[in-house]
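K.L.:
Here are the chains, one letter per residue:
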Amino acid sequence: MSTRPGAAADVPPTRRATQRRARRRESLAALGMVSPAVFLLVMFIVIPVVLAFALAFTNARLVSPTPAQFTGVQNFRVLLDDPLFYKSLRNTFYFAVVVVPLQGGLALVLALLVNAKVKGVNFFRTVYFLPVVTSMVVVSILWTLLYQKTGLINELISHLTLGLVQGPDWLNNPSTAMPAIIVMSVWQGVGFHMIIWLAGLQTIPQDLYEAADIDGATRWTRFWHVTWPGLSATRTFVLITITINAFALFTQISVMTQGGPLDSTSTVVYQAVRTGYSQQQTGYASAISLVFFVLVLAVSLVQRFLTREKD
Amino acid sequence: MTSVSPAPAPAPAHPGRRRRPSPRRIGLQAARIALALFFSFPIVFMLVSSFKPDQQIFGDLDGIKAFLPVGHLSLDNYTGVFDRVPAVRFLLNSIGISAITVALSIFINSLAAFALSRMRWRGKKIVLTAVIATLIVPFETFALPMVWWVNKLPWLQLDGGRLIVTEGWLDTYQVQILPFVANAMFIFLFHQYFQSIPKELDEAAVLDGASWFGIYRRIVMPLSGPAIATVAILAFLPMWNAYLWPLMVVQSEDLRPVMIGIDYFVQTNPSWGEIMAYSSMITVPVLALFVAFQRAFVSSIASSGVKG
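Chains as they are written, first to last, in our numbering: chain B, 1 to 311; chain X, 312 to 619.
For reference, chain X alone in the conformation it holds in the complex (with noise of 0.2 Å):
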C-alpha cells in the first residue's frame, strides 16, 4: 500500500540567515495559489450563497461579495428545504444505505480476501483470476439489463407474522446494498495488504487449536486497519453520492437518498438559494470527514492506483 507521505520541511540551507526566494519560486507558488483559488471558488461561493435570499445572492455576482458572508445572511434558505423535499428522510436514508453497504463491504471482501491469501485450496488461482476480471466492465455497461434483472429477484418478507416470497427488487433498500457489497478491487487491495501480515501467526494460531475463522477475527484482522480504513473510504463515497442506480430503481419517496433529492430543485421553480443549502447540507459532513480523515482518504485513493 502506497502512503503519499508529506514532503518534509525545507532544512535551511544557511541557518540563522533568510535566503531570498529566487523569481522562479515565487511565480510556482502563485501559480499554487492562482489554482487553489481555481479549485476552491465554486465550493466557497455554494457555501455563503446558500446563506443568502436570491436576490442577493444575484446582486452580489458581480464582486468579491459573491464569495464573502456579508449581507443579509440567515438560515431562511436552509429551513425553506425541510418545506420543500423530506432532507432528513434522505438523509437518514444515505447514511443507513452507506453504513450498511461499508459494513457488508469490508466483511464479505475481507473475508474472501483471507481465504484467497491465506489458506491452501484447490481452484484459488482461477478463482482469484475470475474476481480481477470483473473488474474490466465498467458498472454504466450493465446498469440497464441489472434493471430488468433486479425486477425479477425474489426477496422474503414478513406479512402479518407469515414469511411471504416477494418479486421485484424495485423500490426497496436492499437493492440499493447489495449489488455494491462484493467489490474485486477491495478483494485485491485486501488480499495485498493480508500478504504482508507474516504467515507464521497463522501456524502458531492453529498448534493453538484456533479455527481459520478465528485466525481471520483475532489475528488478521486487528492487524489491517489501514486496508480497512481504504475500503470503507473507497467504498462509502461512490454510495453517498449514488445517482444514476437509485434514479433507476427507486420511485418511492421514502426510500430516496439524498442525491435524488436534487431532482425536486430542478423539476420546480428553482430557488437557487435552497439548491445552495441543500448541497452545501449534503457536501459538508463529507468534506468534514475528509478533513478530518485527509491522510486516510489520500493514501486510499494512491493505493488504488497500485494495481496499475
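Just chain B, with the same shape it has in the complex (with noise of 0.2 Å):
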C-alpha cells in the first residue's frame, strides 16, 4: 500500500502506519462480530426466501429420490383452478379486514382507559396483558372448549339474556366459525397493542393538553386535535404489525378447526401447510407462499401509502 502525499502530512510516518494498522485491525475485528449474524440471517431468511420464488416454479417435493423439476407456472395454474385457495384467500380478508380495525381500536380504548390517574391502573394493565403472555395455542383449546354448544360462553349468553337467546354451536357453524376465531384472536392479542398505544399517548407533550384545556377545548375536541394527530407515528405501526398478523392466521385454524366447517375457516397460511408439509409438496406450498407473499406487501405499501405523513 502506498502511502497518499499530502493526507496528514503533519503526522509523523511511525504514528500514520500505527494508525493505519489500527484501523485495519478495526475493520477486521467488525467484520468478525457481524459475521455470525448475517451468516444466520442469510442462511435462514434470504436463501429461504429466494427458494420461495426457486421452488414455486418446480415439482420439489419434501422428500423424494429424484430431483426437483423446473415445471414453468405450472403450480400458478393449478392454483388459479384451485377453488380451495379462492375459499382461503376470502377468509384470510374477511379476518383481515374485520380484526384490523376491531383489535386497533379496542386497543385504544383499552390504553386510553388506563393512561388515566386513578387508583389501580397498574392492575388492569397486567390483567389486560395476561392473554398476550398465555400461548396461542393455549389460548385456542380454552375456547375451544368455551365454544362448545353446551359450553361457558352461551351459558353466559342464556344468562345475560334472561334465557332468551341460545348461542350457536359456534366452531361447527360455517357462518359463526370464523367470528368465533376473530373475537377470540381479538381477546388475545389487543393488550399487546394497547402496550403500544399507551407509549405512544406517553410521547404527546403534557403542555399541548393544558394549552387546548386554556382554550376551553371539551373532551372530544381535545381527543382529535391533540390525540389523535400525536399518534400518527404509533397508528402506522400498529396498523401494519396487526395486518401482518391478521394474514398469517394459522395456529387457531390449526387447533380449533383445522379449516372447517365445510371449508369456512381455511387461511392461506393455512393451506400452505397443509398441502407442504402434510401432503409434502413443497412446489405447490412455495407458490402459494409466493402469492401469500406479494400479498402482504402490497397490502403493507398501500397502508404506508395511506398513512404517510402528509406535510
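Honestly, the hints are just simulated from the structure, not real lab data.
Positions of the beta carbon are idealized from the N, C-alpha and C atoms, including for glycine.
A hint or two may mislead.
[What the hints assert, rightly or not] These stretches of chain B come out as covered by chain X in the derived footprint (C-beta under 8 Å, 3 or more residues): (1) 54 to 66; (2) 69 to 77; (3) 119 to 126; (4) 170 to 176; (5) 193 to 199; (6) 203 to 213; (7) 250 to 261.
[Said to hold, decoys possible] Simulated DEER-style distance windows between Cβ atoms: (8) T218(B) / D365(X): 50 to 56 Å; (9) G407(X) / T218(B): 54 to 60 Å; (10) A414(X) / V50(B): 27 to 33 Å; (11) D365(X) / Y94(B): 33 to 39 Å.
Using the supplied hints, reconstruct the complex from the two chains, each of which is provided in its own coordinate frame.
P.N.:
Okay, here's the thing in C-alpha cells:
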C-alpha cells in the first residue's frame, strides 16, 4: 500500500503506520463480529426467501428420490383453478378486514382507559395483558371448550339475556366459526397493541393538553386535535403489525377447526402448510407462499402510502 | 427505549376532604372492571377446572361455580397428564431450546450491533440496511421452502468416536434453535441502545490497550442491562410458544416442545380436565415470570413499537 501524498502531512510516518494498522484491525474485528449474525440471517431468511421464488416454479417434494424439475408456471395455473385457494383467500381477507379495526380500536380504548391517573391502573394493565403472554395454542384449546354448544360462552349468553337467546354451536357452524375465531384472536392480541398505544400516548407533551384546556376544548375536541394527531407514527405501526399478523392466521385454525366446517375457516397459510407439509408438495406450497408474500407486501405498501406523513 | 411508567398517584384536590367521584368516573371504573373480567375469565376458568373432574367441569358451567375452586378438587388431572404425554420431557425440551436460543440470540445479535453502532468500517451502512430489510418478510411466507432447505443441510455428528457428516436437520434440536438466533429486530434494539452509551468510554479503553472484544464485553455489555432484558423477553416468548415450526420439522417424541403436546389431547378422546391441567402447566410458569418482571415485559413490548 502506498502512502498518499498530502494526507495528514503533519503526522510522523511511524504514527501514521500505527494508525493505519489500528484501522485495519478495527475493520477486521468488526467483520468478525457481524459475520455470525449475517451468516445466520442469510442461511435462514435470505436463502429460504429466494428458494420460495425458485421452488414455486418446480415440482419439488419434501422427500423425493428424484431431483426437482422446472415446471414453469404450472403451479400457478393449478392454483388459479383451485377453489380452495379462493376460499382461503376470501377467509383470510375476511379475518383481516374485521380484526384490524376491531383490535386496533379496542386496543386504543384500553390504552386510554389505563392512561388515566386513577387507583389500580397498573392492576388493570396487567390483567388486560395476561392473554398476550398466554400461548395461542393454549388460548385456542381453551376457547374450543368455551365455544362448545353447551359451553361457558353459551351459558353466559343465556344468563345475560335471561334465557332468551340460545347460542349456536360456534365452531361447527360455517357462519359462526370465523366470527368466533375473530373474537378469540382479538381477546388474545389486543393487550399487546394497548401497550404500543400507551407508549405513543405518553410521548404526547402534556402542555398541549394544558393549552387545549385553556382554549376551553371539550374532551372530544381534545382527543381529535391533540391525541389523534400525536399518535400518527404509532397508528402506522399498529395498523401494519396487526395486518401482517392477521394475514398469517394459522395456529387458531390448526388447533380449533382444521379449516372446517366446509372450509369456512381455511386460510392461505393453513392451506400452504397442509399442501406443503401434510401432502409434502413443497413446490405447490411455495407457489401459495409466494402469492401470500406478494399480497402482504402489497397491502403493507398501500397502508404505508395511505398513512404517510402529509407535510 | 421507551418505558411505560405507571401513572403517578393522583394528588388529592382538597386534602382532608374527600371529593365525591363523578358519575363519569364511576362509569369508567366500571368499564375497567368489566374489561378485567372479560380478559381474565378464560384463564381463571382454566386454572380452576384443572383441579376438577370432567363431569364437574361441565356441571359447574351454568353458574359462578365455573370460576370457583369448589366441589371435588384433586390433582388427578395432573397425574393423568403424565400418564398420557411425556410432559416432563416436553418441558425440559422447551426449557433447553428456549434457554439456548435466548443466550445465543443475546450474544450474536449484540455482537453484530456493537460492530454496527460503535466501530468504523467500510460497508457498515449497507450491512445495516440489508439487516433491517429482512424485517419485511413474515416468517410464514418462507416457512415451507425452509423445511425443504433444512432437510438438505449437513451436520457433524460424533458416531463411536468418529466425526461423521449427516444430511438433513429434520428431527433435531438445532433445527428448533439456529434459525431463530439471528434477528434483525434484536440487532436494531441493541443498536439503538448502544448509541446512547458515550463513545468516549471506548476511546479511553483503546488507549489502555483494550481489544474491541474487550470493550464489548467489559464496557458496553455491562451497561446494557435493559436492552438485554428486552431481547431476552422478546426472544423467549415465541420460542416457548413455538408451534407451526416444530409441527413441521420434529417427528420424534423425544425432541418435541410443550405446545406440540396439546395435539396429544386433541387426537385421542379428550379429557377436558387433563387438557386444562396440561394447559395450566405450560402457561403458569410464563404468567409467573410475567407478573414477576412485569415492568421489563411491558417496556420490552413498548420498545418493539418504537421503530414505527
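K.L.:
Against each hint, give a clear statement of whether it holds in the structure.
P.N.:
Structure-based check of all given hints:
no., hint, in the structure
1, 54 to 66, "holds (count 4)"
2, 69 to 77, "violated (count 0)"
3, 119 to 126, "holds (count 8)"
4, 170 to 176, "violated (count 0)"
5, 193 to 199, "holds (count 4)"
6, 203 to 213, "violated (count 1)"
7, 250 to 261, "holds (count 4)"
8, T218(B) / D365(X): 50 to 56 Å, "holds, 55 Å"
9, G407(X) / T218(B): 54 to 60 Å, "holds, 57 Å"
10, A414(X) / V50(B): 27 to 33 Å, "holds, 29 Å"
11, D365(X) / Y94(B): 33 to 39 Å, "holds, 35 Å"
Violation of the numbered hints given earlier is confined to hints 2, 4, 6; the remaining hints are satisfied by the structure.
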